[in-house]
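**Student:** With chain E held as given, fit chain B onto it using these hints.
Letter by letter, the chains look like this.
There are 2 protein chains.
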Amino acid sequence: MADTHALDVLIQSLRRLPGVGVKSAQRMAFHLLQHDRDGAQALSRALQAAVGAVQHCERCHTFTEALVCATCLDTRRDHSKLCVVETPADQSALERTGAYHGLYFVLMGKLSPLDGVGPHDIGLKKLFDRALDGTVEEVILATNFTAEGEATAHVIGEALKTRGLRMTRLARGVPAGSELEYVDLGTIAHALVDRR
Amino acid sequence: MADTHALDVLIQSLRRLPGVGVKSAQRMAFHLLQHDRDGAQALSRALQAAVGAVQHCERCHTFTEALVCATCLDTRRDHSKLCVVETPADQSALERTGAYHGLYFVLMGKLSPLDGVGPHDIGLKKLFDRALDGTVEEVILATNFTAEGEATAHVIGEALKTRGLRMTRLARGVPAGSELEYVDLGTIAHALVDRR
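Sequence order for the protein chains is E and B.
This note's numbering numbers the first residue of the first sequence as 376 and each following residue consecutively.
This note's numbering numbers the first residue of the second sequence as 376 and each following residue consecutively.
Extracted from the complex, chain E is given alone in its bound form (with noise of 0.2 angstroms):
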């Protein structure tokens, strides 16, 4: 689009984006430079501080701009649970349930062997340190209920059952507010089984 290199070099950054195509790209691009300059500069200084700035918490692997996160460090919280999620954004949902006070641990993925990530990947042996280190006795899995989640929650369970954790998974059944008629078989199927 046009002669400009700097243009062209935008374009391709943006594109870097997850779910960002040229086409999107050219219209981020057109709008930022046409109708939200300002938007471009904050979003530039934003990046660069971030970059700067998050790094993952020692203890839980989340990003936290400290060593160790404030919901690590937070004394009133019960440290002797441990919920395995996959992202941060997964960790945030869980919070504002305000149903769990215990600690957490963010894989920042899952096992993906078609995509090439590996335990090692997703901090297993940081997983496995942790949640052995005396204080934790319930570990829960939240990991997603996908292939590559259920997975990640397999593996996780077995390398821990028999180190006389407590291995729970979140339950799976029907979503509230939702009518039976319009719910998947599976889903169904999984709330009879688990049914109390």
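I should point out that these hints are in silico values taken from the structure, not numbers from a laboratory.
Glycine residues also receive a C-beta, built at the ideal position from the N, C-alpha and C atoms.
Some hints here could point you the wrong way.
If you want the footprint, here are the derived chain B segments under chain E, 3+ residues with CB under 8 angstroms [to be verified]:
no., stretch
1, 381-394
2, 399-406
3, 409-421
4, 437-448
5, 461-469
**Tutor:** Below, chain B alone, put in the same frame as chain E:
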């Protein structure tokens, strides 16, 4: 997501991109920080560079890093033809056809009263000065065939048609390679009227 201010600011900044909601912004921030910090820094630099370098061509209003863009300066092009398009992406699409060798005027938008975009916002005064500078003989209206693009073409056509310029509009018709059965009726009607 987690307790990091820099990350929240990054997510908010990404939401200023068109078509990016809070979930996409979270996914983008997560991806950049977890898997592509080089990409984040490249994007930060590209934004800064583009905001600093990219301005509007004095003659055709498209994005350029010079005072006047290379297209406008190209003496091999037909300076008697001026093609009016909405965006640099539209200009680029016309260029890729290889079928047009005149010059352009890029509106950088379209008339859209509902969004508060009036004649001043798309530089119509500048377009009229340019069209009437003595070198232009034909103005080709290549705004999009949307309600707003048509209205924009209509306004420009009405303003210039009494000034001795030849005013033309891109032909509407059946797209190349398509089967009549699957073309919408409005398009077929236009193709019939514009038959040659």
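**Student:** Looking back at the numbered hints, which does the structure fail to meet, lowest number first?
**Tutor:** Violated hints: none; all satisfied.
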